[in-house]
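K.L.:
Listed below are the residues making up each chain.
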Amino acid sequence: MKETQQSALHLLYFAWVREKIGRAEETVVAPHSVATVADLIAWLKTRGPEYEAAFARADVIRTAIDHVHVKSDAEIGAAREVAFFPPVTGG
Amino acid sequence: MKETQQSALHLLYFAWVREKIGRAEETVVAPHSVATVADLIAWLKTRGPEYEAAFARADVIRTAIDHVHVKSDAEIGAAREVAFFPPVTGG
Amino acid sequence: MTVRVQKEDFNVGDELSRLCRDRTDIGACVTFTGLVRNENANHTILDMTLEHYPGMTEAELERIEAEAATRWPLQASLIVHRVGKLLPGEQIVLVIAASLHRQAAFEAAQFMMDFLKSDAPLWKKETRADGETEWVSCRDSDAAAKSRWKSP
Amino acid sequence: MTVRVQKEDFNVGDELSRLCRDRTDIGACVTFTGLVRNENANHTILDMTLEHYPGMTEAELERIEAEAATRWPLQASLIVHRVGKLLPGEQIVLVIAASLHRQAAFEAAQFMMDFLKSDAPLWKKETRADGETEWVSCRDSDAAAKSRWKSP
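Residue numbers (numbering that gives the first Met the number 0), protein chains in the order written: chain A, 0 to 90; chain B, 0 to 90; chain C, 0 to 151; chain D, 0 to 151.
Check each hint, because a few of them may be wrong.
[What the hints assert, rightly or not] So the derived list for chain D, only partly shown, Cβ under 7 angstroms to chain A, looks like this:
#	residue
1	GLU50
2	VAL92
3	LYS116
[Unchecked claim] Only pairs whose alpha carbons sit at most 30 angstroms apart, straight line, appear in this in silico DSS-like list of lysine-lysine:
#	chain 1	residue 1	chain 2	residue 2
4	C	LYS124	C	LYS84
5	B	LYS19	C	LYS6
6	C	LYS145	B	LYS70
7	B	LYS70	C	LYS149
Don't read these hints as lab results, they were simulated from the structure.
Every value quoted in this text rests on a predicted model; they were computed, and no experiment measured them.
Don't be surprised by glycine CBs; every beta carbon is placed ideally from N, CA and C.
Construct the entire structure; sequences and hints are all you get.
P.N.:
What follows is the structure, encoded as structure tokens:
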């Protein structure tokens with residue numbers, strides 16, 4: 000985990016991720032050690048059983064940074080908004 | 000050319016086949032020697048320059064017997080209606 | 000399962016409503032509409048006249064629609080083809096296929112169009128800007144489009 | 000080139016007219032309409048709720064539509080997706096693609112649907128006849144449908 004600048008991050012949750020966590024959005028300040036999406040998920044899971052439940056199968060969770068799909072190794076960098084959601088099922 | 004029964008045949012022409020022959024339909028009695036579509040075309044070509052012009056490129060002419068597409072070796076048999084037309088261009 | 004050959008225009012929305020609206024067993028509905036363009040093979044087109052073979056055209060369209068229904072589970076289908084004189088911008092043909100899932104609806108609609116283009120006795124004659132009238136030539140790509148549908 | 004995400008129903012005929020009617024440069028127009036079925040995976044469905052990610056859903060649909068326009072010469076296109084609570088028989092999604100020839104219109108419409116199904120942030124929750132509510136699982140066939148569109 001690389002060192003990054005610590006700043007407020009707006010998190011959004013959708014569908015069953017939202018339901019498991021029990022909220023649709025929140026603003027967090029992640030520790031310096033959180034550099035990538037995977038880091039952020041690992042840190043969120045330490046925040047309580049509802050996060051552990053939501054991210055239990057981290058491999059199925061999709062992530063978007065500032066409205067763009069990213070993989071779990073994506074750097075959070077200067078992101079303002081990170082969204083977590085299940086595979087999409089529209090159409 | 001096999002011998003077949005001689006009977007009245009209703010002929011239809013469409014698109015440029017119709018225009019070259021100068022008529023949309025006619026009833027003919029073909030000679031006994033006319034057994035197949037190819038025979039019928041060969042016989043029609045002896046009936047005048049307009050038929051010769053219409054069937055000059057017999058390979059591109061499509062034929063239907065009683066509303067069903069057939070090849071040039073199809074037997075006319077007990078057909079009531081034979082239609083000649085160019086490749087179709089609808090849609 | 001309907002086919003129609005007609006001089007009159009059709010309304011895609013009305014036809015689609017009639018086939019699919021409020022039906023709870025249809026998941027996917029595809030429509031194809033063919034229109035007269037004002038240009039073909041680098042010629043400006045003033046109008047187009049569609050000739051058909053009354054009786055056989057309907058029979059072929061019914062055969063094509065029935066064949067599609069044996070290949071895909073279709074909840075509803077429709078083929079409408081216009082004949083007579085048409086101006087650029089006018090609608091020529093409508094195909095609708097409705098099924099449980101989108102793949103079947105898309106494929107059935109394409110299949111019906113590909114076979115219609117190769118088998119339905121219809122011929123286009125176009126009037127060009129220079130006053131010449133010309134029977135439209137068939138396109139090699141239409142034969143190729145049909146040949147990709149192997150027997151099931 | 001338009002995308003819309005809305006609660007309200009849409010009228011396919013009206014949308015199609017707005018895009019294609021009286022245009023003399025369009026030869027082929029394909030519409031795809033997705034409907035709520037009263038059955039899914041052997042469960043009877045009472046209703047369905049569509050959730051989306053405001054802002055990103057529109058951005059993804061615009062990206063998909065723009066990508067289609069780089070792959071096929073499209074004269075017009077449209078994507079409309081509904082959100083909120085829908086009953087069986089109601090319309091969910093509309094995709095329209097208009098081009099010179101039918102192959103391009105069919106392929107572009109299928110492409111947009113396949114990518115929408117895989118990439119647009121929308122989620123379905125269904126209420127079943129036994130009162131249970133369940134988030135719909137994604138289908139493996141949708142990933143397969145997307146993967147057939149190789150990069151140009």
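K.L.:
Please go over all the hints and tell whether each is borne out by the structure.
P.N.:
A quick look at each hint next to the structure:
1. GLU50: holds (6 angstroms)
2. VAL92: This interface hint holds because 5 angstroms falls under the 7 angstroms limit.
3. LYS116: holds (4 angstroms)
4. C:LYS124 x C:LYS84: holds (9 angstroms)
5. B:LYS19 x C:LYS6: Distance of about 25 angstroms is within 30 angstroms: holds.
6. C:LYS145 x B:LYS70: holds (18 angstroms)
7. B:LYS70 x C:LYS149: Judged against 30 angstroms, a Cα distance of about 20 angstroms means the pair holds.
Violated hints for the displayed structure: none, as all numbered hints are satisfied.
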